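Visitor: Sequence:
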Amino acid sequence: MGAAASYDVPLDATSPRRLLVQRKVSKLLSDPAALEALCGSLFERCGGGVSREQLRQLTREVVSSAAMEDEKALSELLEMLEPAPNNFQDGQALSWDAFLCYARCVLRLLHAALQAMAIDLMSTTFMMVCMALVQLMTPGLAFFYAGLVKDTSVLSMMMKSFVSMGVAGMIWFFFGFSLCFGDSLTVIGNPGTFAGLRNLNMHEALPGQTIPGLLFAGFQGMYAVVTPALMTGAFADRFHFKPYLIFIALWLVVVYAPCCHWVWGGGWLAQWGVWDFAGGIVVQITAGFSALASLIVVGKRQIAEDDKDGNKPHKVPFLPLGTALLWLAWFGFTAGSALAGAAGGAGGAAVAAVNTEIAAAVALFLWLIVDWVHHGRPGLGLCIGSIAGLAAVTPCAGFIQPWGAFVLGVAALICYACCELKKKFGFDNALDVWAALGMGGFIGSVLLGVLADPEECGDAPSAPSSCVNPGTVTASWEQLGKQLAAALLCATYSFLTTLLLLKALNLVMFLTPDHDNLDVEEHGETAYDTPAKQHIQSHSSDHMKV
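Everything in the sequence shown is counted per UniProt numbering, starting at 1 for the first residue and increasing by one.
Source of the hints: derived by calculation from the structure; they are not laboratory data.
Mixed in with the good hints, there may be bad ones.
[To be verified] Heads up, simulated SDA-like pairs for lysine to any residue below, C-alpha to C-alpha not over 20 Å straight-line:
no., residue 1, residue 2
1, 503, 297
2, 242, 515
3, 424, 414
4, 482, 471
5, 242, 299
6, 242, 166
7, 312, 424
8, 312, 427
All values reported here derive from a predicted model rather than from experimental measurement.
Could you put together the complete structure from these sequences and hints?
Guide: In structure tokens form, the structure reads like this:
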């Protein structure tokens, strides 16, 4: 009895005594005499015999307490490890030898689970770099968008991107992470699960991961920061700053958080079998289709009818600068997802990074060619092409072969068609947020059901070595249908919810200004001492005319 009592320590994933438990388990496995002494005490408590089903239940309880709740993984481990003798029927009492054998099996499972909970230094370092890269997307967006607007809206455009760091960051700390990844309340996560980032141990990994739980929350927080900033390009020159702050705060709660919980937080779409590697649905679709909805409320820019030159890019060099920053940051966006829940580990991160480069490069080049043929000269519209390629590969990056990334780069040309389509319908979607990001994410999310590994890669232990990410998503008509349904659902939900939210806000405060000099009227500052219109070149691509 005394021996048994000495092992009565917490085994939950957040226990600071995990290492103590792991050391004791390791000692038991390496010392047969100690194991027999412990098992003898337990055997006596069971009355000299215990049924096989009781032991199986015990195994599940022990392993679950060590955060290995996946039934499939548990079954695989039971098969791999030393099984109990099969010379008895279910319900019969086990012999001493069988009991000892099964106890050893349970301890080996527990030992493996505890090791899986350990933090890996290299993974943690890598994820901190990826977190910094994703943060870089926000200033990248600021330059990308600021270069495309008038010289009287530069500061306003940049402020709307940068302020997202503060608003989204605070919401994420207080309850945003809980809404996305807390205990499921069906539609959304429980806001109290991780309120104030509590219950996230800094010294232990989350189940199935090798990075601290707090780092995972920080990395996901960067997604919450950049997503509302992506929308700002749609309503350039047309949104007051004060209502914008209220809008993005509410939008994060009623649009981003539910979609994130459904797909990444263990919600009903995830349980149904929908996959999203790095944010095609959660980030690109929600931001892109919300941006489209905003156009219905804010309308066209007033200046679009009287000053055609006023809507040209004021400083074109900002565009490639912003593109370069976004492209660089996107590697953290996709590669980091391999170690932050999307599966794949180091190999998955490498695949995701390479696929990100391929899709963006192909989309950039083909966009250049099509734009050249269409308008008779090459232009910097290729920058938008690269963003479309990055958006398209985001939901697939770690799940597809490099040839699949090439296909997505080609498919990103659909975004070019959408850019032309919005002109015909008269949408003043200033910086092609819906066409490049929304439709790019939509295309990639759907095509994942076609471009993922074949079905034989679904069974991780027996998967061929050629598989990209065994045991995850595989290509099939069923998967294609699920991906399409999820993309349509989140696009529709984001569009309608944003439309209702903006209309409601517009009832209590004016969203659109009655002047076209936002920098001076809203912020009391100007970006330049003199107008910068001399930077506009007559040969700018039509896609740069915002």
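Visitor: Each of the hints needs a verdict: does it hold here or not?
Guide: For each hint, the structure was consulted:
Distance hint between residue 503 and residue 297 is fulfilled; the C-alpha atoms sit about 7 Å from each other, no more than 20 Å. For the hint pairing residue 242 with residue 515, the CA-to-CA distance comes to about 15 Å; that is within 20 Å, so the pair holds. About 15 Å separates the Cα atoms of residue 424 and residue 414, which keeps this hinted pair within 20 Å; it holds. Between residue 482 and residue 471 the CA atoms are separated by roughly 17 Å; this keeps the pair inside 20 Å, and the hint holds.
Restraint check for residue 242 and residue 299: the C-alpha separation of about 18 Å stays at or below 20 Å, so the hint holds. Note on residue 242 and residue 166: the hinted pairing holds, with a Cα-Cα distance of about 14 Å set against a maximum of 20 Å. Note on residue 312 and residue 424: the hinted pairing holds, with a Cα-Cα distance of about 19 Å set against a maximum of 20 Å. Taken as a hint, the residue 312 and residue 427 pair is honoured in the structure, with Cα atoms around 16 Å apart against an allowance of 20 Å.
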